[in-house]
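This is what each chain is made of:
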Amino acid sequence: MRFPSTRRTAVEAAASEDAGERRRGFEALVEAYWKPVYKYIRLKWQEENEGAQDLTQGFFTRAIEKDYFRGYDTAKGSFRTYLRTCVDGFVANEKKAAGRIKRGGETEIVGLDFEGAEGELREHPIVEGVSMEEYFRREWVRNLFGLAVERLRATCEARGKTAHFRLFERYDLDEEEAGYEELAREMELPVTQVTNYLAWARREFRRIVLDGIREVSGSEEEFRREARALLGVGGK
Amino acid sequence: MKWLSDRTVEHLRQVAEWPDLTGTKYEVVAELAHGGMGTIYIARDRELNREVAVKVLSGPGAEEARILARLEHPGIVPVHDVGELPDGRVFYVMKLVRGRRLDEWGREQALGERLRAFQKLCEAVAFAHAHGVIHRDLKPENVMVGAFGEVLVMDFGVAVAGTPGYMAPEQERGEVEERSDVYALGVILRVLAGEEAAKPLRAVWEKAMAVDSGERYAGVGELSSEVGRYVSGERVLAYREGILEQAGRLAARHRTAVLLVLAYLLMRLLLLLFLGR
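These protein sequence lines map, in sequence, to chains A and B.
Quick note on the working numbering: the first sequence kicks off at 1 and runs consecutively.
Quick note on the working numbering: the second sequence kicks off at 1 and runs consecutively.
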């Protein structure tokens, strides 16, 4: 089966001639990558909190202004690797010309919860022995799944399926394990309903995750590779 | 956005990997096992209201699964259904076997029980061979022993390659024949019997595991017969035994008769001694 592409992915949109499309693409890429980029700069470049915030803002605003992502060539590897290389190049240049840039020129991306990201870094430091490349990948996956959970919540609320999300949250997100029977009692539902609701929520979650991977993939091949590596799917 | 721990991320990864069985009568309940060829899930058959095992293959295998579905033998896990997921992966639905892995089960059994289980395994493999199906990945993980001692073989013919340690030399070169399964069975026999096994039994697995496939047993039936001979105290063809070994084996085999003859001789001797006084 083919994975039908109903619209441009964020990577394609970010390199588009159309300003509206380009904006949509950038917003999606910022949402998917700002946090891994921030943490990466903090750890790899050993930047302090504020410096890393400036560099993260600076990187994305510079990328918008200078059309960084138009230079991405799908034949030369994954978009994630390209983006990380761009971050390294950007930070290295900024360090050379220290003080030249503050908050990335005129534009500022709003709504990035740096404080939250900093708290995560403090409470969950990097595991010893993990390379920076692997750390960046793991944080991207964490962010991808975190966003997918939020989208699932929004979808469930919009469709009046709050019980479905509540079950997903209890069964798949809570660290404390709960059985179907326990959940059935808690939610006052038959056990069969619990498994049906949960199956629906998981299917939806899976679809959202695959959409998320597609959005930040540079090509069909990269999407398949990522989906296979992450979820074992997309094999044909 | 809530921070997700590594454990939750891994759990969600597994959840997202679960097969999308929308449009089928099956519904995934839990992941059972993950292997090189794919993942097995416990699923519920909504129509028949029973639990089944769904194996999702990581590579192609639809044709093999269909062949497997036609193999009906008490020692082969029955396949109920074969299908394709929306993402292109092939799945097949099997009976959910509640049992233990052959090697784990074997650790608590006497040698005789282990060898009988091995013979049942051979019967199932011989049946598949008779229908033109080679297993290609026989190993203890693919053999289950049920609560009543029934032996069930899984994953017939779906493996692309075997497993190192169980794979015949020719299989490593990409050539597969029925005797490749004989080789793997030889390894399983060695695992089941243990390295301390008697010489004739060792000779059986050594012949089954010959590097040159032409020097192995010609078929699984021959291998099984050899094990049967060992179990019943007959001479194993693969082993040339000395006169003393032969005498010992015969004595062990005809223990009651030997004891009766000895008792008779002893009585005669005592009688002679008594009369000679």
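A hint or two may mislead.
To be verified - In silico DSBU-like pairs for lysine-lysine, Cα to Cα no more than 30 Å straight-line:
1. B:K2 - A:K44
2. A:K44 - A:K76
3. B:K2 - A:K161
4. A:K96 - A:K44
5. B:K120 - B:K95
6. A:K161 - B:K95
7. B:K207 - B:K120
8. A:K66 - A:K76
9. A:K96 - A:K66
Since the hints were derived computationally from the structure, they do not count as laboratory data.
Tested hints:
Taken as a hint, the K2 (chain B) and K44 (chain A) pair is honoured in the structure, with Cα atoms around 24 Å apart against an allowance of 30 Å. Between K44 (chain A) and K76 (chain A) the alpha-carbon distance is near 23 Å, which keeps this suggested pair within the 30 Å criterion. Restraint check: the Cα-Cα separation between K2 (chain B) and K161 (chain A) comes to about 20 Å, which is no more than 30 Å; the hinted pair holds. For the hint linking K96 (chain A) to K44 (chain A), the alpha-carbon distance of about 16 Å falls within 30 Å, and the restraint holds.
Taking the CA atoms of K120 (chain B) and K95 (chain B), the gap is about 19 Å. The hint holds against a cut of 30 Å. Of the supplied pair hints, the one linking K161 (chain A) and K95 (chain B) is violated, its CA atoms being roughly 34 Å apart against a limit of 30 Å. For the hint pairing K207 (chain B) with K120 (chain B), the CA-to-CA distance comes to about 20 Å; that is within 30 Å, so the pair holds. With a C-alpha separation of about 20 Å, the suggested pairing of K66 (chain A) with K76 (chain A) holds against the 30 Å cut-off.
A distance of roughly 19 Å separates the Cα atoms of K96 (chain A) and K66 (chain A); the hinted pair therefore holds under the 30 Å criterion.
When each numbered hint is compared with the structure, a violation occurs for hint 6 only.
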